[in-house]
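Visitor: Join the two chains, each given in its own frame, into one complex according to the hints.
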Amino acid sequence: MLARSEFLKAYETMRLIREFEEALLRLHGQAKVPGFVHLSVWQEAVPAGVSLNLRRDDLMISTHRGHGDLIAKGVAVEGMFAELLGRQGGYCRAKGGSMHVTDLTIGALGANGIVGACMPIAAGAALSMKKQGRDAVVVAYVGDGAIANGETHETLNMAVLWCLPLVFVRTDNQYAESTPARTYCGIPDVIRYVEGYGVCAEAVDGNDVDAVAEAAGRAIAHARSGAGPSFLQCSTYRKYGHNTADVGAYRTADEVETWRARDPLDRARGAAAAHSVTAGELEAIDATVAERIEHAIQWAEEQPEPPLDWAFEDVYGDSAVLQAFGGRVR
Amino acid sequence: MTMLRYRAALNEALREEMDRDPRVFLIGEDLRDPWGGTFRVTQGLSTVYGEDRVLNTPIAENGIVGVALGCAITGLRPVVELMHMDFAMMAMDQLVNQVPKYRYMTGGQADIPLVVRMPAGGYKSSAAQHGQCLEALFTHVPGWLVAAPSNPADAKGLLKTAIRLDDPVLFMEHKHMYMLQGEVPPGEHLVPFGKADIKRTGSDCTIVAWSKMVNLSLEAAELLARASIEVEIVDLRTLVPLDEQAILGSVQKTGRLVIVQEAPERSGFGAEVAAIVADRGFRYLKTNIRRVAGRNVPLPMAPVLENAVLPQVDWIVKAVGDAVATAPAIGGIR
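So the protein lines, in turn, are chains A and B.
In terms of my numbering, the first sequence opens at residue 1 and continues consecutively.
In terms of my numbering, the second sequence opens at residue 1 and continues consecutively.
Next up, chain B with everything else stripped away, as it sits in the complex (with noise of 0.2 angstroms):
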């Protein structure tokens, strides 16, 4: 195991897969040496394999991920970066009605290994078009594949895995944790989509969140401890194929769930996870599903108004007392 932090983690799967695959190259904007993305992920590789397999384009992200389209139904296997994720609206066309619908539309004719990197969310102040979770968007589109790593292994790991395969993979990466540390194994590390991680185990209640929201939870998590309340987090790693086994497993463990999500709370991911346990887990329970997520508002400049809009720790926390404090809801069912 190495120290990486998890931008260096992504940018470790990228150079890694290049190298296994001279299909594999990179397209968006400002992508190439010496800035090497604008989050730096991309750093080093226009350097290492040349500019050819690090194309830097124009500011024009529905050209871009048509273009990638293009590249990828004739043997190509391209990795978008959108430099933030609020930008991939300018793409929607591509997005939603090219892209995740090309190999249904022609009855299978074509692969589309085609990834497209969305750095995303908030907390650093950036107001309301640099720091969305649009997440919701995309799982709600039959066809993507959509990825949300908590963590420097995870990103290293999805994202190889990510690349490798032959659909559609919307990959949306932390902008506030891109320097967050964590270990990595060195070399052949895929982790598979479709398998939730269970980052901690516990009793009492079940937390299931992803990307970013992970680690608010394993705080979280920590503080309940000292008042003796166990949570189990289920990090979800991907949203489409989601771990429905993972969760419902957890559920009926605990007989509590809290959902945690950075998104606006309504029509987010979050609601179709309560969905999902409230058709299927609706036994176990022993109190109502709660939502801990961004309130239905923009996100707001100054600190002090995105960190009331944006889920807090004690948010977190309160939610969970909540529900352990909670008598059963359904009296006596269980």
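Looking at chain A on its own, in the form it has when it is part of the complex (with noise of 0.2 angstroms):
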């Protein structure tokens, strides 16, 4: 069970991001949002756990429903809604929007809106750290869909072949968009996939912020050891559709209605008194990051539109290729 200091911080992780979700989803309501988002609430106890473990130089890499992993890591909601609003002061300059946020300053390298792309770029990256002889430890989120997925594989293979410092957390919402597992997976049961390729697995309540914090904290000191990968299997569910353009109907009621049941943050406040916590100091929480949401709202929708030359800059960085280029990309 985590510490009572432990417990508020997850628990503030888990209102932050659940917070930024709702009010992305208001924003987009009010065609404030450029193109499509895909939201994780109800999915907030998986980053917050995870990242309780994380060190500042650690590394994370995430999905198209990033935004909780990403929050959870400490990149900043006041960046991250003038980037998806398309306004200056976002964190890739209004060009990448939800499905690219990244802040390298962090080792959030970023969502990836191909679902297993980021596979291979966190073995990659930690490789990286092995040959560097750093002890950061790389954290790979994927969804569910992605244990078909080719990279996923080649992956596998190579982390366990390199003994990589690399945490897979399989984000487990129950659809690959509207597929349920049962018609997409031979073995539902995924442990025996990836166990099959020697990585170590557990499954965990993703819903329940102890379990995974307790489980992603073996997982990572085992990658720091050098000991190699690991792999969460962490069962959630996610409240909203596959995007803002899917009203999930192919969900039934009884379902959505079970798993609401399981909300991870009400979750948390029936844990309260277990880790010494009052509701109280969770009203003040949710106070506190009510307010911080809104200001960061107001901040970003105050930010400029980026100026037009932003979308020719950035296609090309080096200076004797920009000088080829007479300058600048046409």
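Possibly wrong hints are sitting among the right ones.
Partner residues aside, some chain B positions facing chain A, computed with beta carbon under 10 angstroms [stated by the list, open to error]:
{"id": "1", "residue": "P58"}
{"id": "2", "residue": "D93"}
{"id": "3", "residue": "L242"}
{"id": "4", "residue": "R295"}
As a list, the in silico EDC-like pairs of lysine to aspartate or glutamate whose alpha-carbon atoms are at most 20 angstroms apart [to be verified]:
{"id": "5", "chain 1": "A", "residue 1": "K239", "chain 2": "A", "residue 2": "E257"}
{"id": "6", "chain 1": "A", "residue 1": "K131", "chain 2": "B", "residue 2": "E17"}
{"id": "7", "chain 1": "B", "residue 1": "K318", "chain 2": "B", "residue 2": "E219"}
{"id": "8", "chain 1": "A", "residue 1": "K9", "chain 2": "A", "residue 2": "E78"}
{"id": "9", "chain 1": "A", "residue 1": "K130", "chain 2": "B", "residue 2": "D52"}
{"id": "10", "chain 1": "B", "residue 1": "K199", "chain 2": "B", "residue 2": "D166"}
{"id": "11", "chain 1": "A", "residue 1": "K130", "chain 2": "B", "residue 2": "E51"}
{"id": "12", "chain 1": "A", "residue 1": "K9", "chain 2": "A", "residue 2": "E214"}
{"id": "13", "chain 1": "A", "residue 1": "K131", "chain 2": "B", "residue 2": "E219"}
{"id": "14", "chain 1": "A", "residue 1": "K130", "chain 2": "B", "residue 2": "D21"}
{"id": "15", "chain 1": "B", "residue 1": "K195", "chain 2": "A", "residue 2": "D318"}
{"id": "16", "chain 1": "A", "residue 1": "K131", "chain 2": "B", "residue 2": "D21"}
{"id": "17", "chain 1": "A", "residue 1": "K131", "chain 2": "B", "residue 2": "D19"}
{"id": "18", "chain 1": "A", "residue 1": "K131", "chain 2": "B", "residue 2": "E29"}
{"id": "19", "chain 1": "A", "residue 1": "K131", "chain 2": "B", "residue 2": "E51"}
{"id": "20", "chain 1": "A", "residue 1": "K131", "chain 2": "B", "residue 2": "D322"}
{"id": "21", "chain 1": "B", "residue 1": "K199", "chain 2": "B", "residue 2": "E244"}
{"id": "22", "chain 1": "A", "residue 1": "K239", "chain 2": "A", "residue 2": "E177"}
{"id": "23", "chain 1": "A", "residue 1": "K32", "chain 2": "A", "residue 2": "E294"}
To be clear, the hints were calculated from the coordinates, so they are not data collected in a lab.
Ideal placement from N, C-alpha and C gives every residue a C-beta, glycine not left out.
Guide: Pasting the structure below:
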């Protein structure tokens, strides 16, 4: 069970993710968020629990549904709102948006729009840490659907082969877009897949932040000690559809209600007393988070739109190359 | 100057850059000794620099390129070998969606010092999956730099430059040229990107070519010279960035353009060159632009069939001859 201070920190992270996502949905409904976004409401305990065990110099990489994973690593909601609203002050100069939020200064290698693509990149980062003699660990968040993807299998093999300091965290929200695991996975018990590669694997209740934090703590310590990769299978659920264009009609109301009763924030509130935390302390966190989100949105909306020149920058960076292009890329 | 084969020149470039910068390492299939790479380009390097700096991988091209990207954005300078350019198709997610876009998608947060070497090209009876020239797939994707050296000196100088650049470079080597000998400057020989090389000067017709097609064009030029037709050969050396000034300057001088490309003609890089000249050099042209290119079929194995679909010296001679013989097509404009 988490210590009191860690529990408070985890709760705050979960609340921050929840309020960020719900606010984003509102902003999207007001047509203020261009494009579409994938929300992670009800999945908050996974990144909150994992990140309690990460140092600032540890690395992580995520998926198209990455807001929560990034926030838990320390990516600021202010810069994320600005990025998602397409404003200056966004993390990626308003060129990445929801699926590419990145902050290399704190080891957030980015969300990623392609299922499975983050896996080998994470392995490369882990190899890089090992080659440079750094004891940093890399966490690769993947969705459940990625288990069927070739890049995932290539990476599981290489991670074991090279004994990489890598922790795979499978945020299993039960659906690969609209497809349930039983119709895309020959062996729905993915632990069997993963162990087949020689990767240590553990299944955990992804809505129980204590359980996630403990399992992640073991996996991350294992990786940091040089013992190689691990895989956490975290069962959870997403409140909303695949993205803002999906109401999730492929799910039954009963199923959704079953998972509503497992809301990780409610679970945490129920466990507060056991962590010597009072309801009043949690309410104080709620109020602080709500205020921060409100200010963050206000700040982001005040940021100007990017100058058009930005569209033509950051294609190449090397000055010798830019010179060959006549100073800029047309 | 020393005489080196194309592959030895590449090997020398790798050695020099590995000596110079401990962050440079090689990653790919079958690179280590005693094998030393399918085309022996990395021969001796794992023995000298150790297996840490010459990493053999599983046959997992998408994984290999993804791993290299992860290394490149966290402080290392990987040089990938994909055994045949055809095999790059297994890595298209990383090669198209990830590597060339990472800098841009993140708003310029990272340099991408990543080179992907791709042995390419036909004339070896390797059939349809081991002989393609697929450079146009990559010149089409913003974010890549694309090099295609035609001789040992450029192979060394361009590869050394590629390894030092902070942007991803697709380095296309021609398998049929690995044994080609040429003079190579020892030591610090850097060929800049975006600077074409005029391999031969002439006033009658411009030939634009890259990779092995430069050598076919040089042979054709010798034959044409006997008929008093002097061609000017522009070796592009890099397709991205492209030395448009060199192309336009030569066409301005000769008034005629033949583009020689090994890949199938349809939607090849030659079409891009033709479009640039039509767009910005139309007034220089005395006759229509001609393309000598691979035929629009998969590569057949039998030598007699392969030679029927890949550019030949006599195809170039004929195209130039036709261009020179043609009366100004746009009568009197010039």
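Visitor: All the hints need checking, so say for each whether the structure fits it.
Guide: Right, here's what the structure says about each hint:
no.: 1; hint: P58; result: 6 angstroms, holds
no.: 2; hint: D93; result: 6 angstroms, holds
no.: 3; hint: L242; result: 9 angstroms, holds
no.: 4; hint: R295; result: 33 angstroms, violated
no.: 5; hint: A:K239 <-> A:E257; result: 10 angstroms, holds
no.: 6; hint: A:K131 <-> B:E17; result: 18 angstroms, holds
no.: 7; hint: B:K318 <-> B:E219; result: 13 angstroms, holds
no.: 8; hint: A:K9 <-> A:E78; result: 19 angstroms, holds
no.: 9; hint: A:K130 <-> B:D52; result: 10 angstroms, holds
no.: 10; hint: B:K199 <-> B:D166; result: 28 angstroms, violated
no.: 11; hint: A:K130 <-> B:E51; result: 14 angstroms, holds
no.: 12; hint: A:K9 <-> A:E214; result: 15 angstroms, holds
no.: 13; hint: A:K131 <-> B:E219; result: 48 angstroms, violated
no.: 14; hint: A:K130 <-> B:D21; result: 18 angstroms, holds
no.: 15; hint: B:K195 <-> A:D318; result: 16 angstroms, holds
no.: 16; hint: A:K131 <-> B:D21; result: 14 angstroms, holds
no.: 17; hint: A:K131 <-> B:D19; result: 17 angstroms, holds
no.: 18; hint: A:K131 <-> B:E29; result: 19 angstroms, holds
no.: 19; hint: A:K131 <-> B:E51; result: 12 angstroms, holds
no.: 20; hint: A:K131 <-> B:D322; result: 58 angstroms, violated
no.: 21; hint: B:K199 <-> B:E244; result: 16 angstroms, holds
no.: 22; hint: A:K239 <-> A:E177; result: 13 angstroms, holds
no.: 23; hint: A:K32 <-> A:E294; result: 15 angstroms, holds
When each numbered hint is compared with the structure, violations occur for hints 4, 10, 13, 20.
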